[in-house]
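Enquirer: We have chain A already, so just place chain B on it with the hints.
In case you want the letters, here they are:
There are 2 protein chains.
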Amino acid sequence: MLPDRREPRIRARPAIPVDAFLSEAVRLADAALECALPRADAWPARLHQAMRHSVFAGGKRLRPALVLGACRACVGDDVLCAPAMAAIELLHTYTLVHDDLPAMDDDDLRRGRPTCHKAFDEATAILAGDALQALAFETVAALGADAVAVLARAGGSRGVVGGQQEDLDAEGAPVDASDACRARLERIHRGKTAAMIACACELGALSAGASPAERAALVRYGEAVGLAFQIADDVLDATASAAVLGKTPGKDAAQGKLTYVAVYGLERARSEALRLERDAVAALAPLGDGGEQLVALAHFVVGRDH
Amino acid sequence: MLPDRREPRIRARPAIPVDAFLSEAVRLADAALECALPRADAWPARLHQAMRHSVFAGGKRLRPALVLGACRACVGDDVLCAPAMAAIELLHTYTLVHDDLPAMDDDDLRRGRPTCHKAFDEATAILAGDALQALAFETVAALGADAVAVLARAGGSRGVVGGQQEDLDAEGAPVDASDACRARLERIHRGKTAAMIACACELGALSAGASPAERAALVRYGEAVGLAFQIADDVLDATASAAVLGKTPGKDAAQGKLTYVAVYGLERARSEALRLERDAVAALAPLGDGGEQLVALAHFVVGRDH
Numbered sequence: 000m001l002p003d004r005r006e007p008r009i010r011a012r013p014a015i016p017v018d019a020f021l022s023e024a025v026r027l028a029d030a031a032l033e034c035a036l037p038r039a040d041a042w043p044a045r046l047h048q049a050m051r052h053s054v055f056a057g058g059k060r061l062r063p064a065l066v067l068g069a070c071r072a073c074v075g076d077d078v079l080c081a082p083a084m085a086a087i088e089l090l091h092t093y094t095l096v097h098d099d100l101p102a103m104d105d106d107d108l109r110r111g112r113p114t115c116h117k118a119f120d121e122a123t124a125i126l127a128g129d130a131l132q133a134l135a136f137e138t139v140a141a142l143g144a145d146a147v148a149v150l151a152r153a154g155g156s157r158g159v160v161g162g163q164q165e166d167l168d169a170e171g172a173p174v175d176a177s178d179a180c181r182a183r184l185e186r187i188h189r190g191k192t193a194a195m196i197a198c199a200c201e202l203g204a205l206s207a208g209a210s211p212a213e214r215a216a217l218v219r220y221g222e223a224v225g226l227a228f229q230i231a232d233d234v235l236d237a238t239a240s241a242a243v244l245g246k247t248p249g250k251d252a253a254q255g256k257l258t259y260v261a262v263y264g265l266e267r268a269r270s271e272a273l274r275l276e277r278d279a280v281a282a283l284a285p286l287g288d289g290g291e292q293l294v295a296l297a298h299f300v301v302g303r304d305h
Numbered sequence: 000m001l002p003d004r005r006e007p008r009i010r011a012r013p014a015i016p017v018d019a020f021l022s023e024a025v026r027l028a029d030a031a032l033e034c035a036l037p038r039a040d041a042w043p044a045r046l047h048q049a050m051r052h053s054v055f056a057g058g059k060r061l062r063p064a065l066v067l068g069a070c071r072a073c074v075g076d077d078v079l080c081a082p083a084m085a086a087i088e089l090l091h092t093y094t095l096v097h098d099d100l101p102a103m104d105d106d107d108l109r110r111g112r113p114t115c116h117k118a119f120d121e122a123t124a125i126l127a128g129d130a131l132q133a134l135a136f137e138t139v140a141a142l143g144a145d146a147v148a149v150l151a152r153a154g155g156s157r158g159v160v161g162g163q164q165e166d167l168d169a170e171g172a173p174v175d176a177s178d179a180c181r182a183r184l185e186r187i188h189r190g191k192t193a194a195m196i197a198c199a200c201e202l203g204a205l206s207a208g209a210s211p212a213e214r215a216a217l218v219r220y221g222e223a224v225g226l227a228f229q230i231a232d233d234v235l236d237a238t239a240s241a242a243v244l245g246k247t248p249g250k251d252a253a254q255g256k257l258t259y260v261a262v263y264g265l266e267r268a269r270s271e272a273l274r275l276e277r278d279a280v281a282a283l284a285p286l287g288d289g290g291e292q293l294v295a296l297a298h299f300v301v302g303r304d305h
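The listed protein sequences correspond, in order, to chains A and B.
Per numbering that gives the first Met the number 0, the very first residue in the first sequence carries number 0; after that it's consecutive.
Per numbering that gives the first Met the number 0, the very first residue in the second sequence carries number 0; after that it's consecutive.
So that you can see chain A by itself, here it is in the shape it has in the complex (with noise of 0.2 Å):
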């Protein structure tokens, strides 16, 4: 579908420190949301308005940055991912706005500022969670209809949607270290975290016209960065201060959540983190020197402490 559109340079660019490389995927998404975004006094005005309330709300746009890494590890030039980082942070930005209604996990704040339905109402919530959606697809459309179908897979009823639906069927239920547990536990990250990280490592890959074999290696480095990241949040919430999380802690405990850590005990949670971490790097071999900013990335979303 892609024409191949990369640079004539063969090596991918050597990997910098990841705060730096964090402060550059920030600037570069936020630059194509802007772009993807209709103006706030646009037609509807309190719907865009609401749009960009929750987009432009201090995300750390860690789905953007795999984009980025990844294309940049196929040796793709940062603007042909520019699509993808802005679609992949719309579809993200949605998934929250309805998690917070009330009908869901009915939160007033995220990251300390009013949720959509609170800023706005209710209805508008719903509505602008509806719009991002669309436009998500709208944005991913400029890289294929190859593009379109991997985010629509990943953003529907067998990925981030089911993940979600799954957790609220578990709401109530014994959390214990049953398989059953076990398993309903891994249906819950892969489809509520694992899917979308994993998107976001293909998208990239996609959007620098990999190979096959890069493409799939990015796959299944982001699944296993993506259950890492979730079993990190997990183990964070069980052990780390208010002040460094800047949430309660211990939340997810106190509600009888299904975690890795209610299931498995943090012990094994780590090193389960671990393994995974470990996993995600050997599954880069395919990409030689070009993965060096993805296996940091790996580590940093293992090793964070907020």
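Check each hint, because a few of them may be wrong.
Same chains, same label: a pair holds when it works inside one copy or across any pair of copies.
[To be verified] Straight-line C-alpha distance at most 25 Å; calculated DMTMM-like pairs for lysine to aspartate or glutamate: (1) 117 - 106; (2) 250 - 185; (3) 256 - 120; (4) 250 - 107; (5) 250 - 232; (6) 117 - 105; (7) 117 - 104; (8) 117 - 251; (9) 256 - 236.
In case anyone wonders, no lab produced these hints; they're calculated from the structure.
Expert: Just chain B, lined up with the frame of chain A:
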């Protein structure tokens, strides 16, 4: 994007009676939807059951019928437009599921059956709508990135979601014959109804590999039919009996809703619908005999009594 896959015949098939055409459209749309939707027992089963509950709820499949009519008018084979028939109905269904939510129109029944959040629960209905939207884009991706962009624009913040937002914003505002009310009414109707009906016609043309002139003609036809459809709806609500309508008539007026009848009066609304029908028929001129089925469909849409 699409190869030219037209049948070698050079004339569109002759028009058939509207009721026979609509029956064919229902059969073809239901088959395409059955094919697009995951099985009800596939993970996550509750979500897939909610999606199927809302999709297979006795809808008239008017939008897929317009896809089919437009495809046939451009001498395209029926099989070419199956993805577009399914996608437009999946997107339309998600808007109904979300519109029925307590925070929006708060409807318990649709066509005499429990709405999604009544048959399941509110969180599941939000997620089922979200997943139906993703599935619409996954399905339409089979027709190429151009079709995705067409559907995303019609289904986005400046299309159907924008119309719904303007409808919300209008709640409680005075309804009169002022220019402001008329402009707002047009924005609501263009967004909520005409955008998706024009999109159905454009996707039908695109599926058939239509020429730019044919495609533009069908968009103009769809915009006029879409507005006529909405005005006919407003007239029906104000005039028909409950038995004919299958729902409580006069509900719009009782709720102080901004409708064509409220702003322009019954006679002017009727004449405006007929004027739009003439516009729609005139727009079909470039299609010659191929447009006959769509002429009959426009007449049906304006003249229907339920």
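Enquirer: Now tell me if each hint is right for this structure.
Expert: We went through each hint and held it up to the structure:
Taking the shortest Cα distances, residue 117 and residue 106 sit within 25 Å of each other both inside one copy (9 Å) and across copies (23 Å). Taking identical chains as interchangeable, the C-alpha atoms of residue 250 and residue 185 lie at most 25 Å apart only when both belong to the same chain, with a minimum of 20 Å there against 48 Å between chains. Only between protomers do residue 256 and residue 120 lie at most 25 Å apart by alpha-carbon distance; the minimum there is 20 Å, versus 28 Å within a single protomer. Only within a single protomer do residue 250 and residue 107 lie at most 25 Å apart by alpha-carbon distance; the minimum there is 15 Å, versus 34 Å between protomers.
For the identical chains of this complex, residue 250 and residue 232 are intra-copy neighbours only, at 12 Å inside a copy versus 50 Å across copies, given an alpha-carbon limit of 25 Å. Taking the shortest Cα distances, residue 117 and residue 105 sit within 25 Å of each other both inside one copy (10 Å) and across copies (19 Å). Taking the closest pair of Cα atoms, residue 117 and residue 104 come within 25 Å of each other both inside a single copy (13 Å) and across two copies (19 Å). When the C-alpha separation of residue 117 and residue 251 is checked against a cutoff of 25 Å, the pair qualifies only within one copy, where the shortest distance is 23 Å, while the shortest distance between copies is 29 Å.
For the homomeric pair residue 256 and residue 236, the shortest alpha-carbon distance inside one copy (11 Å) is at most 25 Å, but the shortest distance between copies (48 Å) is not.
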